[in-house]
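Q: Here are the chains, one letter per residue:
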Amino acid sequence: MQAFEILFTASLWAAAIRIASPLIFGTLGELICERAGVLNLGIEGIMTAGAFSGWLTVFMGGDLWLGVLVAALVGALLGLLHGTLVVPLGLSQHVIGIGITLLATSLSYYAYRLVFPAVTSPPKIEPFQVWPVPGLSGLPLVGPALFQQTPLTYFAFVMVGVVAWVLYRTPVGLAVRTVGENPSAAEAQGIDVIRIRIISVMAGSALMGIGGSFITLSAFNSFFFEMTNGRGWICIALVVFGSWRPGKALLGAILFGFFDAYQLRLQQLAGAVIPYQIFLMMPFVLSILALIVMSRRVAYPRALMVPYRRGER
Amino acid sequence: MIDGKTGEQETVLRFNNVSKNFGPLVANDAISLSLQRGEILGLLGENGAGKTTLMNILFGHYVADGGSIEVDGVALPPGQPKAALAQGIGMVHQHFTLAENLTVLDNIILGTESLWRWRSDRTGAKARILALISSYGLKVSPDAVVAQLSVGERQRVEILKALYRKVRILILDEPTAVLTPQESAELFHTLRAFVEKGLSIIFISHKLNEILGACHRVAVLRGGRKVAERDVAGVTREDLAELMVGRLLSPPKSAAKLPGSMVLQLKKVTARKAVLRLNAVDLAVCEGEIVGIAGVSGNGQGLLADLVAGTLAVKSGKVLLDGEVVTSATPRTMVDKGVARIPEDRHAEGLVSDMSVVENLIAERLHTADFSRHGFIDWKNAERFAAGIIADYEVKCAGPAARAGLLSGGNMQKLILGRVMAHAPKLVLANQPTRGLDVGAVAYVHEQLLAARRRGAGILLISEDLDELLALSDRICVMYRGSLSLAMARTAVTIQKLGLMMAGQELDHAA
Amino acid sequence: MRLELREHRPLWQNLAFPVLALAFASVVCAFLVTLSGASPMQVFGLMVKGAMGTQFAFLETLTRATPLIFTGLAAAVAFRAKLWNIGAEAQLYIGAVMTVVMGTGLLPLPSAILIPVLMISAILGGALVLSVPTFLKTRFGVDEVVTTLLLNFIVLLFVSMLLEGVLKDPMGLGWPQSRKITADGLLPKLVQGKRLHFGFAVAILAAMFVWILDRRHVLGFEMRAVGHNAKAAHFAGIAVNRVLAKTALLSGGLAGLAGWSEVTGLKGSLTLDLSPGFGYTGIVVAMLALLHPLGVVAAAIFVAAVFVGADAMSRAAGVPSYIAQVMVAVSLLSIVTAIMFTRYRMRWR
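Going down the list, the protein sequences come from chains A, B and C.
In terms of my numbering, the first sequence opens at residue 17 and continues consecutively.
In terms of my numbering, the second sequence opens at residue 5 and continues consecutively.
In terms of my numbering, the third sequence opens at residue 209 and continues consecutively.
None of these hints come from the bench; they were simulated from the model.
Errors might be hidden in some of the hints.
Okay, derived cross-link-like pairs now, DSS-like style, lysine-lysine, Cα gap no bigger than 30 Å in a straight line [stated by the list, open to error]:
#, chain 1, residue 1, chain 2, residue 2
1, C, K402, C, K376
2, B, K400, C, K439
3, B, K384, C, K454
4, C, K439, B, K430
5, C, K439, B, K322
6, B, K322, B, K272
Where chain C lies over chain A, by a calculated footprint (3+ residues, C-beta under 8 Å) [unchecked claim]:
#, stretch
7, 102-110
8, 118-128
9, 242-252
10, 300-307
Calculated from the model, a selection of chain B residues having no Cβ within reach of chain A, i.e. all distances over 12 Å [as the list claims (entries may be wrong)]:
#, residue
11, G77
12, V199
13, G202
14, V329
15, I381
16, A426
Beta carbons: idealized from backbone N, C-alpha and C, even for Gly.
Produce the complete structure using the sequences and hints provided.
A: Okay, structure coming up:
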């Protein structure tokens, strides 16, 4: 099969959407945080913690959806920690974010080793199964890509709409956007800046946790070390690429999933000639290129990374 | 003066002996005030007189150490920003509190709906805003993005924000600071319409003419205390000035002097930064004269200042210093060529507030032999220099090692003056040098500028304070939409004429 | 609640708050240890003994601290200028690659020349890696946090490619591993027969170099000014972008030295597990040291002790050694919080 023909295979597009799913959650989560003016570099660790806690819940006998819920709660809890440290205390969002990633990752690994002191092969669970949408899953190309996915992927797509609605159509969404643009303006209108920011970071982090759980509950069926593998950082790039808009972020994630799925197939095709590492690098290189391309055009939230202290201008 | 207050006497807002201390500083000392329905009360005072603190207490940003506030006879709970808003009190700040990337509609409805509704009623809100716009004549489009509005339009948005919340009491903090005299007149007209409809207004200002022209009554604050409360009918400008300052002020007189050769010359200079631009600007500043630049903020004065400070490159045209063309203008070349630069924003541009006084004093001249050798800093010399500046310019600070950010505004400005004036500059660029300073510091800055003029330096003074420009300048130009008028002799201009030119009229035949 | 800037910072607070923070981190970890069924006191005892208890243990701690001093300095230098270099890991690996390229027989030079040549190669390699994101930041305004992070992944894959390709040791039995550094390129040991090597001495010298630069040199001044307020620095005539570029060279170079020191002092060749996250841990070291160059040495030894101690403890008590990473992460978060409270006072209304 040739490089061009692969483009028209259903499996490529199905894989693209599958790969995009955790990124959609992560990107939406980061987007909410940044729209409220808070950079969340804890995303990489929060996704790892979500992947682990969700998986562990299911492994202990919990329902799959309970696993997703637990991952969201763990994410929200880490978000509360990040929010408390960077919002009212105004600590460096860079440093605390890195700290949260280190903490969440090492806690997950520590807990994993506590529960499984010596396992040679990672224990498995029964993950989410593909759930074809009746009537639509039979469509050529589009069917397998969009309508033969696991419920968690559908959930990701629903969340794009929900986040967009909340941001642009509800009072709280307006508050979130204002708090990220000009917190003094929000404060003057009686909005509690600190509260809105912490809530945003918690909600965003919960989505990151769900994104992490997708990896262990839908994409794979076990937890192993370093399985987040930079997805969190890619989400941060995707937020910039999507100009802080949910719809564009979705597009970015799918584009990214497409490239990743495509490189996997090209790798099988050209693996003998080009080292496989080149293909594995592509997602990261693409992210950097996306950042360069978008750097000149974006209208970023004006108060991003600016701590807000009442009474200071 | 306005006569014919509407309605009978009815107190809507009352401050009872409100006091507030910050450490040893007494910001408010037992201030009592009352506002009647349908009146405009002027609150007059210099910077630091306690006006802002009093308003911050009203809006719950600070809690008073003593005293209470009543709205319609009911005590306002202290320290709750929402309480004042809920009582129908609204404030238009001097620095607008608008989110620039959001629309006018967004800015107005923010915080007016309960947060957790599943959708906001944007169509209803828009209809209500349009109704307000037409009934008060506040022209602005609800769907426009704030970033694209003019300063005057933004102020209207701020007022709409308050009206939309059905305020009964509107507080305006230095509302004319950013307006032309004509725009100000329009604003006063609007305010009169408000009080006729039963609103009550507190008008905060330090400009005597505005207080006299717009208010029914005036309360004067000085040093945190209320020193007088008068009906505007029957007080004079001189009375108010003396009450506000505590002594009679005579503006500094600049002795006439023959100017020497040209130190700064701009020939058909164009430049641009984001949406702002300079169009073919011609300007000359000679030895021993002060050239004032008037204009409403945002008309390109900032660019002119950046150009002379070396932080903005010329697009076309020539800049000459002492007759020499400046080719690569960087801040360093400007410093080396003897330009003393006093920036507009002390905090953002003038000083690194997390660094020490001595570090800030040597920052401009690190590369010179005075302060470094082979790349290594001569700290001994630097500290000696700093000690000298602190003494000569009366900078109040804990010593050369004190953090610059802990200094008061006036002392920061003295620090900057010391830094730039100590090296006998040929040209002084003073961009809004007295903004936000108290009377004493303002007088000090003026004295320093006049002293530099006596020494023979040319001075380019950019200011939005027309009184300051008229008091100090030998010649005055007006900047409007990036174009600079011809320079006019101080004796040939009046406030009215400047005001018209600042609004874009008469520019062509100004001579 | 509001925070007020403290005008006076008593010395006792400056000392006591960080100590309290570390105590808090210990309590958190003690709680986690009890979850494993072990006794925290016993575990901490084993950790201290494993890190400091014997001469062997202490030298091992210093050996482990060596790369952390380099990466800690790299982070401290960059963070001073608010250049958020989270990519020391990548710079370390490229430094190691340069060392291996130049030091495995390409240059038949005597020790006295070869060792400095390898050092410089590693510095250049690391500096080059950080220059890319710094250029993207100054030229296009691309946030360097994300680009340096992403570069870590790219570089690791690149190294993996090299180790399975051009740099692969033909004698390596198929393992992805480079050829050995020639004997003249290897660093002498500091203590005969032990693992502690000359790289530690270089690390200390590097810390003193950075300290002098920071306190006495114009560049150190400029870096601080740019970090605190780039706009004011620009206004004062400091060429901000040029200072950032120099900072990148310095920071990247220091991280590159970490790779050089590990390869020539300890491992002898380059493998994919050369660094167990020294680049990331360097950030923690720098923050624990409050970005002070000499503090970095102390903080690196402390962090190394936690890791070495945890390894020894894990073998003896069976508590997962990841407790060390948890302890370091909690220390980071609590120290940063504690430092803030030495600068600000919390007021409840």
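Q: For each hint, tell me whether it holds in the structure or not.
A: Hint-by-hint comparison with the structure:
{"no.": "1", "hint": "C/K402 with C/K376", "in the structure": "28 Å, holds"}
{"no.": "2", "hint": "B/K400 with C/K439", "in the structure": "25 Å, holds"}
{"no.": "3", "hint": "B/K384 with C/K454", "in the structure": "26 Å, holds"}
{"no.": "4", "hint": "C/K439 with B/K430", "in the structure": "25 Å, holds"}
{"no.": "5", "hint": "C/K439 with B/K322", "in the structure": "25 Å, holds"}
{"no.": "6", "hint": "B/K322 with B/K272", "in the structure": "7 Å, holds"}
{"no.": "7", "hint": "102-110", "in the structure": "holds (count 6)"}
{"no.": "8", "hint": "118-128", "in the structure": "holds (count 7)"}
{"no.": "9", "hint": "242-252", "in the structure": "holds (count 5)"}
{"no.": "10", "hint": "300-307", "in the structure": "holds (count 5)"}
{"no.": "11", "hint": "G77", "in the structure": "23 Å, holds"}
{"no.": "12", "hint": "V199", "in the structure": "23 Å, holds"}
{"no.": "13", "hint": "G202", "in the structure": "23 Å, holds"}
{"no.": "14", "hint": "V329", "in the structure": "32 Å, holds"}
{"no.": "15", "hint": "I381", "in the structure": "27 Å, holds"}
{"no.": "16", "hint": "A426", "in the structure": "30 Å, holds"}
Violated hints for the displayed structure: none, as all numbered hints are satisfied.
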